[in-house]
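Visitor: Protein chains in written order, with the numbering used here: chain A, 1 to 590; chain B, 591 to 822; chain C, 823 to 1095.
Keep in mind that the hints were calculated from the coordinates and are not lab data. Errors might be hidden in some of the hints.
Footprint (simulated), chain C over chain A, 3 or more residues, beta carbon under 8 Å [unchecked claim]:
id	stretch
1	176-185
2	302-312
3	344-352
Residues from chain C shown here face chain A by an in silico Cβ test under 8 Å; the list is partial [stated by the list, open to error]:
id	residue
4	Val883
5	Gly922
6	His1055
7	Gln1067
8	Tyr1070
Here are some chain A residues the structure puts well away from chain C; computed CB gaps all over 12 Å [said to hold, decoys possible]:
id	residue
9	Ala322
10	Ala383
11	Ile483
Beta carbons: idealized from backbone N, C-alpha and C, even for Gly.
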Amino acid sequence: MANASDRPDAGIPPAEVPDLALPHPHSWWAKYVFSQDAKYIAIQYACTATAIGLVALVLSWLMRLQLGFPGIFDFITPEAYYQYITMHGMIMVIYLLTALFLGGFGNYLIPLMVGARDMVFPFVNMLSYWVYLLAVLVLVASFFAPGGPTGAGWTLYPPQAILSGTPGGQGAGIILMLVSLILFIIGFTMGGLNYVVTVLQARTRGMTLMRMPLTVWGIFIATVMALLAFPALFVACVMMLFDRLLGTSFFMPALVEMGQQLSYGGGSPIVFQHLFWFFGHPEVYIVALPAFGIVSDLISVHARKNIFGYRMMVWALVIIGALSFIVWAHHMYVSGMHPYFGFFFATTTLIIAVPTAIKVYNWVLTLWRADIHLTLPMLFALAFIVTFVNGGLTGLFLGNVVVDVPLSDTMFVVAHFHMVMGVAPILVIFGAIYHWYPKVTGRMLNVGLGHIHFWVTFVGAYAIFFPMHYVGLVGVPRRYPEIEATFITTPIAGLNAFISVAALTVGAAQILFLFNLFWSLRNGREAGPNPWRACSLEWQTPETPPKHGNWGKELPVVYRWAYDYSVPGAPEDFIAQNDPGPRVERDGPP
Amino acid sequence: MSIVLVFLLAVALVAGWWLSQQRLTSKPWLETGAGPPASDRPEIPTAKIGLGVFLAVVGGLFALFGSALVMRMGYADWYQVRLPDVVWVNTAILVLSSVLIHIAVGAARRDETAQLQAGVAAAGVSTLAFLGGQLLAWRILIDSGEPLAAHPGASFFYLISGLHGLHILGGLVALARTGARLWRGEESRRVRLGVELCAIYWHFLLIVWFGMLALLMGWASDVVALCRTILT
Amino acid sequence: MIMAWVLVLVVLGSVIFHLVSPWWWTPIASNWGYIDDTLVITFWITGIVFAAIVLFMAYCVYRFRHQSGRTAEYDPENKRLEIWLSVVTSLGVAAMLAPGLIVWKQFVTVPDDATQVEVVGQQWFWSYRLPGEDGRLGSSGVEWISSDNPLGVNPHDRFGADDVIVEGGNLRLPIGKPVKVVLRSVDVLHDFYVPEFRAKMDMVPGMVTYFWFTPTRTGDFEVLCAELCGTGHAFMRSYVQVQEQADYDAWLADQATFASLQQGQPVRVAKQP
């Protein structure tokens, strides 16, 4: 690379890539099941993630039923409740959000947006999905294991995760959970290699890094982070599996459980926490960065305006990605680690707020003097900004070490992370689906149903999680199936019931959304190739939906960045990236 | 976590160097035009870039095991595992297989098929010998009363050498596929790439093995102590 | 259009909820009023930022919504504005971080005159140990635990003999005296959490953790566990009773010491790990 790097466009492959290089399917199985087409793999990822996500949604209903109306539902024992919270958290964070953003959107959008025919290693890419599916099946199997799934909380802290006081701790639950995570990480690594190397190697002629849409940037940086962070979870899982099955003492100290002296000795639960959060904190940004990228594009397209401060947006993504590896211990302020770590990690954590704030400013400044079309993707993008700003700001409470002390392990934390990495990214996912569904299927989603879905989801989700902060401020700890305590001076039962009703309503609206997805597949309005009149390459494919190979005979050539909206003097309010066009003189310094 | 942070710093330096070549300060809205078509100068093959990224992940994995080991070392019950002598023989064999595969790469570049075949076969056999030797080391260690759960030093030895062995095994699969291509007489360009990739992987796993051995034997503890005082 | 109004309503609703909601933290009973102050500073700064950003968005949505003939302005970036915003943001962050770190410094610096109190967590109840007349807690370890030595006090440590053991009962503390709470767990992670004291810390098996505070008003304060510890997590309760010094002394004189609990027992030698 060094000898070729003196030219700015070095490393771009020639426009004429022989079509034969792609593994075209020769049988029904190879076409519809073991497909090596990234677009098809993306849909497989998305469907699997949604299916398992629905399980997590139902679990959240059960949890809210118990919290809102304690004592009514006899079948929700404390054991069951802990199993619900554990599986809900793990599924939502890893098997839904990570898989959907990277496996789903990454697979679909990266090759199309950078002008590639497919991912660079299609076979490995296919394998990635099947290992992911296996991981999901192992996870589902734990629901049917004797003793049920693990109830250790999604953080799986030892020693309790593998002891008998925790549901699934001495049964198969925790083993299946750990095995499933290990499989997920192996599968993800296969996919992640593809996403990164495709961006590095398969960009079409003219697609410099600084011409890539922010969606690709977000997914790219998130994948790099995930490739480096997931091994920490892998190490933690393998070592805990050894402790559970083979009697080693990596994390297990000498302890007396229910009067019984166990044979463990000398290990440290804190080591596990360091490893877990070394993965766990970057994981937050692995989910957030693709959302940042996608929302930037949604806002820009539907406000008919270039994203404000594109360069700053790219740099902020890179800086956030790098910084997120040195903030992990802010999850451990009250874990018993050396208290002086608190100074360092509080400082790094609050520094990260600055590039994140810049991103928020640039989103809202993009709206300034724009031409805002309040389409469904735009509405979801606006709702994302509200919930993300809200959740990000409460993060400043929890990142600031001393403020975290009273709030840690309370419902405030639950409200915070749901707002910032639950509601906010999922709103982006919805917006993205309304935005790209026409490219995937050739038809538009129904707008009327979409509006009902949007309003219930946005207002409802805010009504769930905003008041929940106050439950936490009162002092109610998280992971309590019911709470009766003398410190609660104003009863919170009514507030909890309200939150539960809101949660059930929002959940029901998602059923409507699923219905819309299926209904519009046949009955949606024909979309045409570029219904939003967007600049980026995925809207310029010769066919909609794009065929295997994406681009017909010749790869597109890119002449400009992805944000040429409302360029003064241009005949239309957008110029596609592959439009050589008349050179339009721009204002501003050269 | 000092080891993995040092490793990440190295990755960040490479990434930062690469990003600095990408004109991240350019103003894309002021530039139109496709730029010249790619030249006919040789590029780095995609597979090599892919392997590089994969090795970064594997490096991270072992760096994390190293970090866990160093953290665990800090507790009272730690004592060093007494490695059986056969481990040193194994290490020598692993070095030998790295040398052999390096010779094979040279032969591939010069298009000397006979020497290439010999090199690949010898590298494969010596690597298998390494794996066998590692199993023997486990056997000896178990017989001498230090099974997996005996003490954390032993646990880490089994865990790390086992995972290292699994990675070697994966490499052997790739080497076998390249070897099959070679014996079928496929075009030399593809075979050469395959051998080169295997060689990179072999050298990398050799370095990893040295690093892990240094940690397990406590050679690195002076360096670690230094890192600790700096980082904590 | 509706969206602009909804955004305004979200801000108004949030602010009104904050101002009129009866749900607020429970009255404080320790010296950590500083923590509450830092929290309030953070509330003000973040609240203003939230309202400003969302209201700005609402204005943009209203003012620049699509109407026929509208074209967006072409505006790639504005370096001065971005630098200016970064500086203001950094100042805001510093205004929250600085008091936070100052208070944290106090939080981790235990005063020299603090008396030690040990809290031991196990599935799923609390036990307490007070240092007795010599003012020092004897050493301990899980290898010493047995039915008549539930906290694992080292029977060979002379400092342990006069330690006062409260198994499964309530902890009493004199008002106005700084306390260093030493935390230990014999099985899994727990977290000694009294909402009125604001401070909390995990208890980790194999380790001794601590925090300190000064009780500032008398009363009974419920102890909860704040780190998931298994099925009984939510029901792991106890009370800390803060009393006047005289009441406390009278109670303390009645308590059994470790030595008296061990009387008649042969001295056992624990198995070495």
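Visitor: Was the hint right that Tyr1070(C) lines chain A, CB cutoff 8 Å?
Guide: With a minimum Cβ separation of about 20 Å from chain A (threshold 8 Å), the hint on Tyr1070(C) is violated.
Visitor: Can you verify the interface hint for Gln1067(C): is its Cβ closer than 8 Å to any Cβ in chain A?
Guide: violated (24 Å)
Visitor: Could you check if Gly922(C) really has its C-beta closer than 8 Å to a C-beta on chain A?
Guide: Hint on Gly922(C): holds, closest Cβ of chain A at ~4 Å, below 8 Å.
Visitor: For the stretch 302-312 of chain A, do at least 3 residues have a Cβ located nearer than 8 Å to some Cβ of chain C?
Guide: holds (count 9)
Visitor: Taking a Cβ-Cβ distance under 8 Å as contact, does the stretch 176-185 of chain A have three or more residues in contact with chain C?
Guide: violated (count 0)
Visitor: Would you check whether the claim that Ile483(A) is not at the interface survives, using Cβ distances to chain C and the 12 Å cut-off?
Guide: violated (7 Å)
Visitor: Count the residues of the stretch 344-352 of chain A with a beta-carbon closer than 8 Å to any beta-carbon of chain C: does the count reach three?
Guide: holds (count 4)
Visitor: Quick one, is the Val883(C) hint okay against chain A at 8 Å, beta carbons?
Guide: holds (6 Å)
Visitor: Looking at Ala383(A) again, its CB stays over 12 Å from all of chain C?
Guide: violated (9 Å)
Visitor: Return the status of the interface hint for His1055(C): holds when the least beta-carbon distance to chain A is below 8 Å, violated otherwise.
Guide: Holds: closest Cβ of chain A sits about 6 Å from His1055(C), inside 8 Å.
Visitor: Hey, is Ala322(A) genuinely clear of chain C, shortest beta carbon separation above 12 Å?
Guide: Nearest chain C Cβ is 17 Å from Ala322(A), so the label holds.
Checked against the numbered hints above, the structure violates hints 1, 7, 8, 10 and 11; every other hint is satisfied.
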